[in-house]
Each structure stands twice: as structure tokens, then as C-alpha cells.
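> Listed below are the residues making up each chain.
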Amino acid sequence: MNTDRHDWDREERERLAHLEDQIDAMRRRHVNAPPYELLRAAHADVLPPDLETAVTEHIAASPMSRTLAEGLGDEAPVLSADEQERLFARIMKEALKESAPSTAWGWLRPAFIGAGIVAVASLVWVVSREPGERIDPPETQVVVALPPAAPPFLLPFEKPDVRLGMAALTWRGSTPADTAGNQLLTDLKPGLDAYRQGDYATANRELTALAGRYPGAVEILFYQGVSRLFLGDYAGASTAFEAAGASSDRTFEADIAWYRAVAEQRSGNVVQARARLEAICNRSVRLQPDNGDVARACTALEQLRASANPR
Amino acid sequence: MATFEELYRQHVQAVFRFALSVAAKREVAEDLTSEAFLALHRNLAAIDQSQLPGWLLTVVRNRARDWWRRQIVERRYAEQFVAAPEPEAPAVERWLLDSADLKQVHRVCLALRYVQGMTRAEIAARTGLTEIQVKGHLQYALTLLRKAHGVGT
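So the protein lines, in turn, are chains A and B. Counting in our numbering, the first sequence runs from 819 upward without gaps. Counting in our numbering, the second sequence runs from 6 upward without gaps.
Hints listed in this document are in silico derivations from the structure and should not be mistaken for laboratory results.
Examples of chain A residues toward chain B, derived with CB under 8 Å: (1) 844; (2) 853; (3) 866; (4) 889; (5) 890; (6) 893; (7) 894; (8) 902; (9) 912; (10) 972.
Covered stretches of chain B, as calculated for chain A (at least 3 residues, CB under 8 Å): (11) 21-29; (12) 36-42; (13) 50-58; (14) 96-104; (15) 109-121.
Below, in silico cross-link-like pairs of lysine-lysine (DSS-like), each with a Cα-Cα straight-line distance of 27 Å or less: (16) B:108 <-> A:1007; (17) B:108 <-> B:30; (18) B:140 <-> B:30; (19) A:1007 <-> A:977; (20) A:911 <-> B:30.
Cβ atoms here follow ideal geometry from the backbone N, Cα and C, with glycine treated the same way.
Given the sequences, and given the hints that come with them, work out the whole structure.
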């Protein structure tokens, strides 16, 4: 990672002409920033606690590191069809190896070979040792293999049907029955069609492209968030639901709160998810004790409290 | 109830993308993905399939934590990161972070190339993109940069 100006190609030199000083200044400003892989790992909350804290604090203070920590967004690579097949073959090979019964006595062969090697090595060492040499006990290293942890309770999510709020249906004065002149509905169609068909990558891409053009349309943010949930992009889903929650259109209010808690839990913000469920449960129990959304949140909250954290 | 192969086809992309995000190395991401599906294969009869892909992602996360613990032991990472760089960012940096014309992928490629000083091959290895994709994203971003700053023409 010692790329410097001298490794720039001709095109880079041309396009960055007169900006070299700024590039150098930018690099100097971030010379002590954590490497990319640490930023990504901290963002996913998989680092050991002390390092996680240090990197997370850095990310909070540095917009550059925050940008890197968020990764490639919609452009994150996927496996090609060939790679998928190769990986599947590898998994099945391993799975078959695990389930294949061992032949009678065959399992003892490695043990005999191993014992033989140890015996010969010990003999050579004893013979070659100088007389009087002190024999220190070897440093022992105990490795405890933990059994695989059972996954914790995860807030379930289902695919919600497509709904449109009145604000979308009446966009720019059009009526629900007459959507011919409703540009929002026209623009929403490709994204929502892809969503209906379960093509969440396309849905996310289409809806993301619309989000800047229709900042008040809560449908865009809500179905963008759900699509990201299905793509496993929980941090992205969380961001979309956060924006949807800030909308003045309350059409999806209950669902946004629930799916936001789902996204938060799955992206590692368990405390925040729990707090959100508590808010739904406490607020709504008072106002609407028979509401199904409330029951779902309260039940999930109980299960979440009862479940152990993943190791 | 879906078969193992159906579940693999349904969830492998989401699991791989998540694995890539936690490990930032394509080969490690493939290992983590493989381990998660092997765990699913072992537990297929017992598992509640409605918990997928969350169950798989939890396995990846746990394995990634183990992997990172080993990396921390094997490599000495600097533990003192500068919390906040100097206050005044140059115009290029402000453009990189704020320009509405750039997508996230452009920002990351630019930052890895010109801030973290990586070669295109190193960027490809860490992001999972191909070198050709990295080159394309950088070319596009530099064209925008030239327009924004009106230099190098």
C-alpha cells in the first residue's frame, strides 16, 4: 500500500494536474486512519471489543472513514453464476465428507502414523541433546473449542404487500381513479413491480434512484428499506427506515417502526431495536390495546429479552 | 419445506455480500459463506426456515468474530487512531465526500486510491470488485473531478 504519485498512470497525471498538493494534504490528514478492512469490520460490529470501540470512535469523528466504513452500497459485488456453482460444489463436498461413514479400522491409520512420527522425533531429540542440558517444560497452550452457538432470536419479517398512501395517489392533484397524470406513480412502477416479483436488487436500485427526486414520498423509502432487508443490507435498510420515519406522511408509521427495529437488530444494534419495540409496545398498549402491530411488538420484545446474545 | 439447494440459491448472494462486508477480502468471504451453509446443512432438519437468512448471517457474524480475533493476534494493528484529522479539509476532499454526482462506489474507490494509497489490484482484492471495474469507477470519478475543478483539460 505504498502507492504514490509515481505509480499514477498518464490519465491520472493529466486529470489530477494542479491538484497534487491537495491530494497530498488529503493523504496526510488521514495517515493514521484505520485500514479499510478494520473500518468495514467495525461497521459490522465483529471486532474484539477494545478495538471495536477505538475504530467506532474514529468513524464517528471522521467523515472520510465513515464513507469507507459504509462500503460500496448498491454496487457491492455478488457471486457470478460460475462462482455460485463452484461454491455449492465445495459445500456439498465438505458436507458429504462429514456425513461419510469411516471404514472399519481405517480411522486408526492416521493415529498409528502420528504416533510413529512422534516416537522417532522424540528419539532423535533425546539422542542429539547435549549432556547436562536443562529440559524446560514446554509452554502449553490450551485451546478450548467452543461449540457452535445457537443463533439468537431474530425478529421475523415478512414481505409486506404494496400499498400507496393518499399523498402518493393524489400526487399533484390527481385522483386515485385518474393516475394518468401522476408522474410519481409512473416513476414508482418499475421499482414496485420488481419488488412484487421478489427482484429486490432491481427494486432497491430503482427506488434509490427516485429517493432524491421525491423526498416526501414515504412509499419509496419504505419499500427501499424492505428490499434492502431481503438483500441482507441491514445497515442500508436501517438508513431507509430512518428517513421514512422522518416523513410527515404517517401512512406506514406502524410498519416503519417494526421494520426499523428488525433492521437495527440484524445490523447489530440490539439495544436500539429493543428500545424501539418498547416504545411501540408501551405507547400503543395505552392507546390501542387490541392492535395487532402492538401485540407483535410486545411478543417480540419478550422473546428478545429471553433470548441469549450470540457469542 | 425447501431443500438445501433451494435455500442455498435463495440466500447465497445475501450471505456472500454480508460476509464480504465483515471480512473485506473476497476469499475470506467465500470461506465464511461456505461455513454458514455447511452449518445450515448440518442443522437443516432442526432449523426453522422462516429464520433464514438471519440464521445464516448470524453464523457468518460469529465466524467473522473468530476470524478477526485470530487476525488481531497475528497482526499488530495500531490501536491509537487519530480521532479527528486537521480541521481544514482541502477542496478535493470536500468534493469527494459531498459531491452529489458521485456514487458510494466512486467515493470508496477514490478514497482507497488517493487517501489510503492502494493500487487498483489492492482495491479490487478488498472490495470484491474486479480490477477492470475499479479502473472504470476511478476513470469516471476523475472525469467528474476534472469538470468540478476545471483543471487538467
